[in-house]
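**Student:** Listed here are the chains, written in short residue letters.
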Amino acid sequence: MEQILHFFFINKETIFIIALSVFLGIEVISHVPSVLHTPLMSGANAISGVIIIGGIILVGHADTSRLSMELVLGILAIIFAILNVAGGFVVTDRMLEMFKKRKTRRA
Amino acid sequence: MDQILGTLDGTPFTRGEAILELSYLIAALLFVYGLKLLSHPETARRGNFYAAGGMLLGMLTTLLLHKNSNGQGIPITNVLIILTAIGIGTVIGWIFARRIKMTAMPQMVSFFNATGGAASMLVGMLEFPNADMNNLGGVLVTLLGLVIGAIAFSGSMIAYGKLDGKIGDIRSGLMKYVNLLLLITTIALTVYLLFAGGIPEEHTWALYLLTALSLLYGVLFVMPIGGADMPVVISLLNSLTGIAAAMAGFIYSNQAMILGGILVGAAGTILTVLMCKAMNRSLLNVIIGAFGSTGSSSAGKDEGILKEATFSDAAILLSYSQNVVIVPGYGLAVAQAQHVCRELDTLLAGKGVNVRYAIHPVAGRMPGHMNVLLAEADVPYSQLVEMDSINPDMPNTDVVVIIGANDVVNPAAITDPGSPIAGMPIIRAFEAKNILVMKRGRGKGYAGIENELFTNDKTRMLYGNAKETLQKLVSEIKSL
Chain A
537 MEQILHFFFI NKETIFIIAL SVFLGIEVIS HVPSVLHTPL MSGANAISGV
587 IIIGGIILVG HADTSRLSME LVLGILAIIF AILNVAGGFV VTDRMLEMFK
637 KRKTRRA
Chain B
158 MDQILGTLDG TPFTRGEAIL ELSYLIAALL FVYGLKLLSH PETARRGNFY
208 AAGGMLLGML TTLLLHKNSN GQGIPITNVL IILTAIGIGT VIGWIFARRI
258 KMTAMPQMVS FFNATGGAAS MLVGMLEFPN ADMNNLGGVL VTLLGLVIGA
308 IAFSGSMIAY GKLDGKIGDI RSGLMKYVNL LLLITTIALT VYLLFAGGIP
358 EEHTWALYLL TALSLLYGVL FVMPIGGADM PVVISLLNSL TGIAAAMAGF
408 IYSNQAMILG GILVGAAGTI LTVLMCKAMN RSLLNVIIGA FGSTGSSSAG
458 KDEGILKEAT FSDAAILLSY SQNVVIVPGY GLAVAQAQHV CRELDTLLAG
508 KGVNVRYAIH PVAGRMPGHM NVLLAEADVP YSQLVEMDSI NPDMPNTDVV
558 VIIGANDVVN PAAITDPGSP IAGMPIIRAF EAKNILVMKR GRGKGYAGIE
608 NELFTNDKTR MLYGNAKETL QKLVSEIKSL
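Sequence lines, in order, name chains A and B. Numbering of the first sequence is given in this note's numbering, commencing with residue 537 and proceeding in unit increments. Numbering of the second sequence is given in this note's numbering, commencing with residue 158 and proceeding in unit increments.
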């Protein structure tokens with residue numbers, strides 16, 4: 537019990553953020569029409585590429601004087617993450633473009 | 158930027174650090190607002206743009222303003238390396254996303270999800286050696302980011318292979334136990350590392366083993382799941398990638414990463430629950446119990462006869478109807494028949510027929526699959542009707558045309574309590590006055606159960622590839 541309380545107090549701000557973000561996520565997404573399930577999923581998928589910031593921090597402070605395993609894997613992490621980000625947003629935009637195109641035709 | 162603004166808890170902070178945190182706040186708000194806009198058809202495109210803007214902002218300010226614990230910024234050599242990596246990734250991602258066919262969209266989404274998971278896995282692996290083994294919380298988030306990222310990566314790659322038709326389903330009764338054992342081992346190893354103490358270098362072997370186990374679990378966990386369960390798995394994997402990114406966010410105490418990741422995790426979880434509801438199954442049931450192997454269906458009670466229709470019969474039937482409902486399924490996507498389907502629809506509309514599409518939430522292989530597919534073929538949004546709204550109209554429907562759908566119209570879900578799909582909400586096609594079924598062959602649906610709709614007296618079958626069948630039907634109607 538004491539260990540748990542200790543853990544909570546030290547990380548209290550973060551735990552607050554998690555708890556509130558979960559509710560925020562549920563609130564923001566609920567009642568989404570099924571037409572938008574795919575673009576929503578794909579757009580959210582692109583946001584999960586936010587791990588790129590981690591990659592930038594890693595490689596940003598890595599030792600570049602020699603080609604270490606850490607450097608190579610870090611660069612790979614950045615490439616993977618940006619694939620997720622760029623590909624994700626572009627694919628989502630392409631899907632939504634189709635919805636848009638049809639709309640103007642009807643109007 | 159290096160000007161010291163003040164102190165917080167005794168540690169001085171600079172103007173740059175304050176601006177960096179402020180930019181993370183703006184990025185996080187853009188994620189939330191973008192996602193909010195994404196859930197309305199009118200504003201969706203703008204929402205996607207805002208979220209992308211938030212990402213760009215977070216990346217830029219990190220690159221320019223981030224400092225390590227010694228207060229050093231990112232050296233110019235590293236900046237150049239990072240920019241090169243970002244450039245390469247962006248170009249590849251952009252080309253993939255632009256070139257891909259709309260019908261291959263589920264694969265693409267899975268693939269991008271896999272790369273995000275891989276990035277989280279790598280960040281977890283690389284940060285472990287820097288972890289303080291006595292800081293329980295720190296080690297926990299590092300390991301969770303690694304494990305969840307690895308599962309999301311290998312799982313999504315398998316999902317990608319399945320959707321692309323490169324990998325088949327492997328189902329065996331033994332798999333359930335192997336997976337459970339693997340999951341327990343992975344958790345046990347994580348717990349061991351958590352309390353191992355000492356220095357991280359001593360535990361490198363365990364870290365590699367943990368990575369390997371997680372990757373293997375991802376593969377084996379997705380392997381037996383397929384077909385109609387794909388939308389559930391894809392949204393679940395999506396939410397895992399978000400959670401993995403959030404875990405990595407804790408390592409750096411980066412609020413933008415934490416909020417973005419959790420937001421995606423929560424959104425993905427909701428979508429997963431929605432998909433499960435649409436099948437009246439629990440998530441556990443989808444993951445553990447593969448279709449077909451459970452439930453004692455009262456199959457074979459009366460086999461019934463399948464009655465084939467000629468194209469001219471079908472053409473006349475459709476042309477002289479008032480209300481036609483098309484039920485698209487995965488078969489439409491596989492045959493890439495959405496454009497011909499649209500042609501049929503406009504042709505009939507020209508004859509004064511009211512044509513609508515009935516969309517089942519889990520039709521296809523990802524959430525909303527049919528909507529995207531039909532949108533590509535320019536089918537107006539207003540013509541797509543959700544299951545609950547179309548069902549009351551079914552008795553007044555002259556012809557229901559089922560294109561490559563099976564389980565979502567199987568009346569056994571209502572009539573046969575012993576059926577594996579018992580209780581799953583279906584499109585009540587059996588209530589229509591006439592039923593036309595386009596089907597590749599006489600085989601069963603993904604669930605491997607008989608569909609008594611096909612042997613219904615009102616039903617006529619059109620066998621063959623959906624695209625070719627539709628083309629023949631269209632030319633037949635034109636020649637009437």
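Some hints could be false.
Label pairs and their computed distance ranges (CB to CB) [claimed, not checked]:
1. A/R602 with B/L441: 22 to 28 Å
2. B/P537 with A/D599: 46 to 52 Å
3. A/F552 with B/Y620: 46 to 52 Å
4. B/H496 with A/D599: 35 to 41 Å
5. B/G228 with A/I562: 20 to 26 Å
6. B/M332 with A/M605: 17 to 23 Å
7. B/V430 with A/I540: 24 to 30 Å
8. B/L441 with A/E549: 29 to 35 Å
9. B/I161 with A/H542: 40 to 46 Å
10. A/I562 with B/R256: 17 to 23 Å
11. B/N292 with A/M605: 20 to 26 Å
Hint data in this document are derived by calculation from the structure and do not stem from the laboratory. Ideal Cβ placement from N, Cα and C applies to all residues, glycine included.
**Student:** Okay, A/R602 versus B/L441 on CB: inside 22 to 28 Å?
**Tutor:** violated, 49 Å
**Student:** Range first: 17 to 23 Å. Now tell me if the beta carbons of B/M332 and A/M605 are that far apart.
**Tutor:** With a Cβ separation near 34 Å, B/M332 and A/M605 fall outside 17 to 23 Å, so the hint is violated.
**Student:** Is the distance from the Cβ of B/N292 to the Cβ of A/M605 consistent with 20 to 26 Å?
**Tutor:** Roughly 24 Å apart at Cβ, these two residues keep to the hinted range, so it holds.
**Student:** Taking the beta carbons of B/V430 and A/I540, is their distance inside 24 to 30 Å?
**Tutor:** Holds, since B/V430 and A/I540 (Cβ atoms, about 28 Å apart) stay within the stated range.
**Student:** Is 46 to 52 Å right for how far apart the beta carbons of B/P537 and A/D599 are?
**Tutor:** Violated: the Cβ-Cβ distance is about 58 Å, outside 46 to 52 Å.
**Student:** Hint says 35 to 41 Å; check whether the CB-CB distance for B/H496 and A/D599 agrees.
**Tutor:** Cβ of B/H496 to Cβ of A/D599: about 55 Å, so the range 35 to 41 Å is violated.
**Student:** Should the hint that B/I161 and A/H542 are 40 to 46 Å apart at their CB atoms be regarded as holding?
**Tutor:** violated, 32 Å
**Student:** Please check whether A/I562 and B/R256 have a Cβ separation lying inside 17 to 23 Å.
**Tutor:** Check failed, 35 Å falls outside 17 to 23 Å.
**Student:** Is it true that A/F552 and B/Y620 lie within 46 to 52 Å of each other by Cβ?
**Tutor:** Taking Cβ atoms as reference, A/F552 and B/Y620 lie about 60 Å apart, which means the hint is violated.
**Student:** Quick check on a hinted range of 20 to 26 Å for B/G228 and A/I562, using CB atoms only.
**Tutor:** Hint violated: Cβ distance 39 Å, outside 20 to 26 Å.
**Student:** Okay, B/L441 versus A/E549 on CB: inside 29 to 35 Å?
**Tutor:** holds, 33 Å
Of the numbered hints stated above, those contradicted by the structure are hints 1, 2, 3, 4, 5, 6, 9, 10, listed in ascending order.
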